[in-house]
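A.B. asks: Chains as they are written, first to last, in the working numbering: chain X, 1 to 327; chain V, 1001 to 1327; chain B, 2001 to 2430; chain E, 3001 to 3430.
Simulated from the structure, these hints should not be mistaken for laboratory data.
Treat the hints loosely; a few may be bogus.
Partial list, derived from the structure: chain X residues whose beta carbon lies under 7 Å from chain B [claimed, not checked]:
1) D23
2) V52
3) W65
4) G72
5) A75
6) G108
7) S182
8) Q185
9) T253
Listed next, with one range per pair, are the computed distances between beta-carbon atoms [to be verified]:
10) L2063(B) x V1034(V): 52 to 60 Å
11) G1183(V) x A2330(B): 49 to 57 Å
12) N2423(B) x T1205(V): 25 to 33 Å
13) A2382(B) x G50(X): 28 to 36 Å
In this text, a Cβ means the ideal position worked out from N, Cα and C, and glycines have one as well.
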Amino acid sequence: MARKPYAYAQLEGVAQEMRRANDMVFFYEYEKPVATSPTGEVLDLVKEFGPVRTSGRGWAIDETWLVGAAVGVAAAGSPALVRLPAMTTIFAIEYIYNQAGKLRSMTGGQASMPFVLWQGGGGRTKGSAGQHTEVGQEALYANLPGVKVVVPSNAYDAKGLLIAALRDPDPVVYFDYSEVKSGEQPDVPDEAYEVPLGKGVVRQTGKDLTLVAWAPATVDVKRALPELAKMGISVEFIDPRTLKPLDLDLLVTSVKKTRRLLVVEHGHYTNSFGSHVIAELVQVVPGIKARKIAFPDVPGPGAGGMMSWLRPDAPKIIDAAQRILRA
Amino acid sequence: MARKPYAYAQLEGVAQEMRRANDMVFFYEYEKPVATSPTGEVLDLVKEFGPVRTSGRGWAIDETWLVGAAVGVAAAGSPALVRLPAMTTIFAIEYIYNQAGKLRSMTGGQASMPFVLWQGGGGRTKGSAGQHTEVGQEALYANLPGVKVVVPSNAYDAKGLLIAALRDPDPVVYFDYSEVKSGEQPDVPDEAYEVPLGKGVVRQTGKDLTLVAWAPATVDVKRALPELAKMGISVEFIDPRTLKPLDLDLLVTSVKKTRRLLVVEHGHYTNSFGSHVIAELVQVVPGIKARKIAFPDVPGPGAGGMMSWLRPDAPKIIDAAQRILRA
Amino acid sequence: MSTQRIDRRTLIGIMGSAGASSVVFSSCGNANAGLTGARWEKSISLATSGPGGNRDWQPGDALKFLPPEKIPTSGKASDILAALTKEKLSLIYERMNASRKWENAMKDLFVAGKDGLYGSFHTYIGEEAIACGVMAALNDDDYIASTHRGHGHLIAKGGDLNKMAAEIFFKETGYNKGYGGSMHITDMAKGIMGMNGIVGASFYLAAGAAIRAQVRGTKQVGVAFFGDGAAASPYYFSAIRSCTNHKIPVIFVNENNFQYMGVPMASVVPTKYISEYTRGLDIPHHLVDGNDVAAVYAATKEAVEWARAGKGPSMIEGITYRWYDHSGFAGGRVGADGAMGLPYRSDEEVRQWMSRDPISRYKAWLLEKGLVTAAELGRIEAASQSAVDASINFARQSKDPDPAQGVHNTHAGGPVAATQFYNRSGIGAS
Amino acid sequence: MSTQRIDRRTLIGIMGSAGASSVVFSSCGNANAGLTGARWEKSISLATSGPGGNRDWQPGDALKFLPPEKIPTSGKASDILAALTKEKLSLIYERMNASRKWENAMKDLFVAGKDGLYGSFHTYIGEEAIACGVMAALNDDDYIASTHRGHGHLIAKGGDLNKMAAEIFFKETGYNKGYGGSMHITDMAKGIMGMNGIVGASFYLAAGAAIRAQVRGTKQVGVAFFGDGAAASPYYFSAIRSCTNHKIPVIFVNENNFQYMGVPMASVVPTKYISEYTRGLDIPHHLVDGNDVAAVYAATKEAVEWARAGKGPSMIEGITYRWYDHSGFAGGRVGADGAMGLPYRSDEEVRQWMSRDPISRYKAWLLEKGLVTAAELGRIEAASQSAVDASINFARQSKDPDPAQGVHNTHAGGPVAATQFYNRSGIGAS
Ligand SMILES: Cc1ncc(C[n+]2csc(CCOP(=O)(O)OP(=O)(O)O)c2C)c(N)n1
Ligand SMILES: Cc1ncc(C[n+]2csc(CCOP(=O)(O)OP(=O)(O)O)c2C)c(N)n1
Ligand SMILES: [Mg+2]
Ligand SMILES: [Mg+2]
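Next comes chain X alone, as it looks inside the complex (with noise of 0.2 Å):
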């Protein structure tokens, strides 16, 4: 058990899994898998695995073969991940949602899919605009009928997660933004672990709000807590790790308690997943008070100043937790 950088803690994961599995692909474009731990230790699985179980010094730019092909790897029976960069292209969606999420089904049952699509995602950061500050994308995998979602947001979970979507026999896309990467991390073990596919968490206990958040929304939430806590707000806020399967119950249980629910992200408001996690709820627990605050719908833009007022952080939060406490 170390501290030890994001990368390396999923670097390391994925190593476990490829020397269990020993017919385990990993491809990815350009981004090389290698990593060194604060002792020193590097992480190469080019130079451990060869170039065929990876793909050596990367692959051409074609986002939708390297999924198609692990796609296909993984329907002949063997683990096959992916790592496309944080380009927020979606190249790759249609192959996923007609061939990974369906061949099962289509085919009664004797087609598998240890497959894994590690997505790199785009950031609410000035100075990419556009194509390259894309979040939210989870929405549209999540309404693919086959396929699960991950959206871990620390190093913890990113490495437990990974290896259990390797080891799950249906189709996993897991995003991987960097805006969770830097800040605190709590420790992560050097042996192999599951993060159980469908397992939220409570991150911090409290009766008054439910406050829901994922990836990279858990960032500006986190700045809002102490603030809140200071206002004498107690909120209780859930991470759920999954999108799909969704922890319902977990979710269920706290707002219950609080009879408040705010969701909190990053992604595009209309038909983001925080509509989806409010529709459960109300489903389930009728007459909470219900919102949402969640990027607009706007292409990210270039200038800082912009993007800074287009995102939903710490103020933001604290002034709608006052307000939905109020209303």
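We have chain X already, so just place chains V, B and E with the ligands on it with the hints.
C.D. replies: For chains V, B and E with the ligands alone, kept in the frame of chain X given last:
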């Protein structure tokens, strides 16, 4: 004003716009734009507008090209319509996401995007299975910034929304589900007219329950309504027609009256657009009872028995309405 | 090198008179080899008048691409096929027959309309030489990824007729337990990665399976079948380029039947042949008479050896023709062959192509070469018919799947929630 | 025809000594023309040792593809360029200089760090001959679709340095009002459809604009720029195949700089050159020295004539090199040229390529041919520098956009809801 076949009504609208805008293009894969009115008039768009503005005999099976080229036409300044067959492929979504929806914003307003994707939709019908039975992709497109989504459910709206979409300078995805084309249809004016984007319609007024459905689910709702009336349940049935931008005012007015909301849809349950409808309404009108019944998170199976059991059809709607009133 | 510009008919005439192999074009090796066939004794430079690029294509034009009436009984391809054992040659004949008779039987059932069959059905009839020629060159554990028009691929690889028929009837005993129907029949245990409803899906599935073989060092190959229409899929060039770069053992088998749905290949393909798309890639290309099982077999055998030797992919284009409409049976009749009266092609064209029936041609070749006797072939035909009849009985007598299975088999771990109902566990419990 | 197998250096040597055009390869016409250059007097069959397919590529190997130190002053390309007016030749020089100096100035600002600049910045420095050669052959109303590395394309097509600089500063006076930044600069009024953050986006944008020109009968052409890496985009083959089939007037200009990010082109491209991907399509292919503005101009001129004549697309591949890192300025210094110490290439390689600077080569050519005097060139250089300096002042003095503009300019009709706030109109009013 005349009864005219659904397909004729649509092509009439397209032809009228192509006459108005003599630089408008209409691309398709193989469904040639030809239709006959009941009085025997033949509308043949290839003949009238020539193979350069249409696709002539048809274009190759390459949905990325069809959509991409049309987006290019629109970015350069001319209206462009592209019709994709009902195979529920989403090859095109990457370009719509990252180009059509974003170019105006990324260029600071320089790029216009008079682009319309006429997307044939699958249907929850027996015998096709998997990829050919998909419904509900509107959930995916609605989440994309800059993109509008319309879902006509009768011939009048089909023509009027198509014209409105073609006149709109923003990208619009127009869903064309075959299940809504049979059965009784309203009269369709001969002249060009718009059904304004963003305006829903109350199909039946009532006071006990607001029932929201669009596109194929309206077929089942229409079957259920007479039964519900017989049971003395007064249903207000709203067809939003446009999902993005959503006609929130119309919906709010209704649920403020009925305090009960039932959304019925053929899309896959998790994060279907119905979730967003519920989430929007409970935020504005807290305390209502809200429920959604939808096709489960499974690809449509081939066998007729399984398919009808999965379909949120009239008996299931009636049962749901009764229960929500009792709840 | 001087360039020959001849149309395909003349070309085949020349070949026939020269006793040539039916493999009309094959290029391999470095880019400078150009279009000459470096690998086949009798290969001929690519005819300039292939079907593509003729924007003025008219119904009937497919007549220009008719193969000769007989499979050549001499030449390299013929010799290679003739080198197989009698058992193997008989098996090829058996599967060609089973494929034809099974689809014919299904056609009759659909057209007669008494069994209440539903769903789409894309017949492979007329194209059997490609599936059977390819499969004869594969091992049982090699992978294939099929298309929407894939019954013939399945049967050629040893698919179970009973389970196939039951799947057409959407019965629980079907290959896909009634979930799939015609367009998705799959037999993972036999390396059949399934038919597929998305045009172009086969490329990556076959490539992935082939990569897995590289990882496991098994020497298996992957075969991706695809139509002339599917060559336009953005996945196609991507897959073949990547397989070339990484020497992935995949064979791309194009079934060029001149049309996708009612659209002539000529109007959507700018090159004369599909195989020209990838001519710049340094891999073997084989352009063959797709109604000649010897030509297909010989080309595939070479491609398989190439792949197993670690040299990467090959591309095979077979020119063929489908006797029926794109899907379903418009223009077809019970007990009669071929669909007539279709608007986008001439009946004469259909009839002429039917006279180049790959099965009759193979039969004539076997008899002429004296490899199998007429009596033995007759026994094979009868046995195939019985197996087909039995498969229909099996299908009829099987049970429909339980409707509630609808929420099963999407995930490995159990059913998903039955969200079509108001009442279901986990929701609305309050 | 006999095949010459020579590496590119030898080839260029031969060409130089033969006084050849810098256009080293051009093929056009029917498929059988193979790789011989049917259209250029001095064309030479494709060298077999292009950069692609060398899986054992090592840093430094790009030295093997160095062009000669001087642009040939004789030969077809040289003659074609020399036929331009002095004004036009001066304008090319002016824009090459403006492009270089403007990016150099931005580099210095980023590296110095005093202006608080942020965001990505992909320099075009070293590749200017391609943008300026292409643009010299276009009319003002032709369309171009650019890449992430497109400042040079904009400046070559007459982009406004002030608005460009202001956009780098994310000011409201910028081309994109601060929404876009470096990677999205666009000038629709000048036919510049914009830089783009998605690799491969240019193909369809240029094609769509060209289709629009066909519809309107304007004879405009569309140019799609793309890198060696972008040739792997599934959009690439799709676009060029479709343009070929429908004779759409697009010119596909590949800027082959041997690498995408840190990945050598050699390891991801199975062919020797990018232009081989589409060799099977019956369109003109021009493989040129991308640091030779004459070669690029001559090839583009031919391609433009071809397109305007209704014959469809052409493909141009220019071999070039970027002096800086993929994005940003690792290894770069204020006031010094080139990025040194990058892990994936050798400094020697960078230095040698810098010695083939396209601007100095063009200057030498102009002087040697006596087309423009040294004094005139000096005035142009000084004027370019002033314009660049002025653009930075303009940017510094401009205002930031109002943050609340964030919800504007996504739709034509007005802002979208500010959903990041709890309180907003239309929601939660109760
Ligand atoms: C991506 C995609 N686009 C369109 C379709 C509709 N479709 C089904 S089969 C077919 C024609 C395929 O033609 P070809 O590849 O030549 O095969 P053939 O039917 O001739 O055997 C089309 C367009 C589809 N299934 N998938
Ligand atoms: C579809 C897509 N995949 C990946 C990226 C990340 N990316 C940005 S630029 C680039 C390299 C492009 O290389 P090349 O086309 O050779 O152009 P160069 O940078 O060499 O000019 C990559 C991979 C992207 N922007 N878009
Ligand atoms: Mg075909
Ligand atoms: Mg490059």
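A.B. asks: Tell me, which hint numbers fail for this structure?
C.D. replies: 7, 8, 9, 10, 11 and 13
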